[in-house]
Amino acid sequence: MNPPGMDTQDQQDVSARFVRLPSIAERKLGSSYSAPVRLDPRVLDQMQETIKVLSRQYVDTLGRQIHELLPMIQDACNGGPVARGKFYELIHDMRGLAGTFGHPIVGKFAKSLCSYMEKYDFLDQTIIRFHVEAMRDALEQNKPDDRLADATLYSLEQLIDKAAASGLTGLKKQA
Amino acid sequence: MARNVFETLTVLVVDDSSHMRHLMLGLLRALGVGEVVLANDGEDAWAKYILHSPDVVITDAAMAPTDGFALAKRLRENDPASFGRVPIIMISAHTEVSAIERAREVGITEFVRKPLVPRTLYERLIAVVNRRQEAAIVASAPTSAVTFL
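Line by line, the protein sequences are chains P and C. Be aware that the first sequence starts at 70, since it is given in our numbering, and climbs by one per residue. Be aware that the second sequence starts at 878, since it is given in our numbering, and climbs by one per residue.
If you are wondering where the hints come from, they were derived from the structure by calculation, not from laboratory data. It is possible that some hints are incorrect.
What the hints assert, rightly or not - Simulated crosslink set (DSS-like; lysine-lysine; CA at most 27 angstroms straight-line):
(1) C:K925 to P:K97
(2) P:K188 to P:K231
(3) P:K121 to C:K950
To be verified - Here are some of the chain P residues that sit facing chain C, going by a computed Cβ distance under 10 angstroms:
(4) P91
(5) A94
(6) Y102
(7) A104
(8) V112
(9) V122
(10) C146
(11) R164
(12) G168
(13) F170
(14) K180
(15) S235
Idealized CB from N, CA, C, for every residue including glycine.
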């Protein structure tokens, strides 16, 4: 009789052979291939230059997206899941791209706003508008002040906490 | 002179943002990657994966209609047994533990957070290209029963 929890199949002998497959580099260039020790600084410079060039194109898109957000706030808060989803999609896009293309502060505000929208069911228009305006201001300033941005972020977090404490917003149910 | 391994690679880049696709194209070209194939979502990526058999897949997480997680799952279900798993690098702004756990569950090889830093891209790419995989071949099963460890 089998012990509890073990059926006949579990008792079957299974032998396995462990093999080490060559790496992609070895497959392509042979086993004598040795990996580069470090990234060539000239290549790194070229990569940075690529980002710089594309950032000039991205800044127009970012400005347009932020401009689009302001009139969408009311619907995002009260207009149902489609409007909310569309708003979130734009913010999420900025969260990922703004920092990569040289606007880390805009990215930080977008991240804060994404977290707020992910966490709460009921959205406060003022909190959202303050976030969007902070993003717009950070983009318009040539060199936004990091400390000022952090202080603004802190204030926004306080505002969210206050809204949550006063019952103006509801925690999202976990899936 | 030693050959740059990146020259020998075909890399499939999947992202719904045209800015990000162009950026990845530029960065990978700067690294000397031989062929860069661009796709704008998971469905497009699957078609191009079949066509180009890339050595590495770099994907965004959030895309519609097929996101990076669903794409990875599909790729893992079709891993070629002879050459091991195709490395999948996921680039995402979602850095919560739940997203990373989900990435691990669907078989993502490397997880890179946005904002993307060029050096990080290089480090992850060189890591997956140099990494050897271990596989367990079950003797009593058909040859296709290979489990990558």
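*Do the numbers back the hint for V112 (chain P), that is, is its least Cβ distance to chain C under 10 angstroms?*
holds, 6 angstroms
*Can A104 (chain P) be said to touch chain C, with a Cβ gap under 10 angstroms?*
holds, 5 angstroms
*Identify whether the interface hint at S235 (chain P) stands, where standing means a beta carbon of chain C within less than 10 angstroms of its own.*
With a closest approach of 26 angstroms, the S235 (chain P) hint is violated.
*Does K180 (chain P) pass the interface hint, meaning its C-beta sits closer than 10 angstroms to a C-beta of chain C?*
Nearest chain C Cβ about 7 angstroms off; hint holds.
*Would you check whether C146 (chain P) satisfies its interface hint, that is, whether its CB is within less than 10 angstroms of any CB in chain C?*
violated, 22 angstroms
*asked:* For a C-alpha distance cap of 27 angstroms, please report whether K121 (chain P) and K950 (chain C) respect it.
replied: violated, 34 angstroms
*asked:* The hint names Y102 (chain P) as touching chain C; please verify it with the least Cβ-Cβ distance against 10 angstroms.
replied: For Y102 (chain P), the interface hint holds, since the closest Cβ of chain C sits about 7 angstroms away, which is under 10 angstroms.
*Does K97 (chain P) lie within 27 angstroms of K925 (chain C) when you go C-alpha to C-alpha?*
holds, 21 angstroms
_Agreement of hint F170 (chain P) with chain C interface, Cβ distance less than 10 angstroms_ = Check passed: Cβ of F170 (chain P) comes within 7 angstroms of chain C, closer than 10 angstroms.
*asked:* Just to be careful, I want the Cα atoms of K188 (chain P) and K231 (chain P) compared with a cutoff of 27 angstroms; is the pair within it?
replied: Measuring from Cα to Cα gives roughly 14 angstroms; hence the hint holds.
*Regarding the hint that A94 (chain P) lies at the interface with chain C, is the smallest CB-CB distance below 10 angstroms?*
Nearest chain C Cβ about 5 angstroms off; hint holds.
_V122 (chain P) as an interface hint toward chain C, with CB separation required under 10 angstroms_ = This interface hint holds because 8 angstroms falls under the 10 angstroms limit.
Going through the hint list in order, the structure does not satisfy hints 3, 10, 15.
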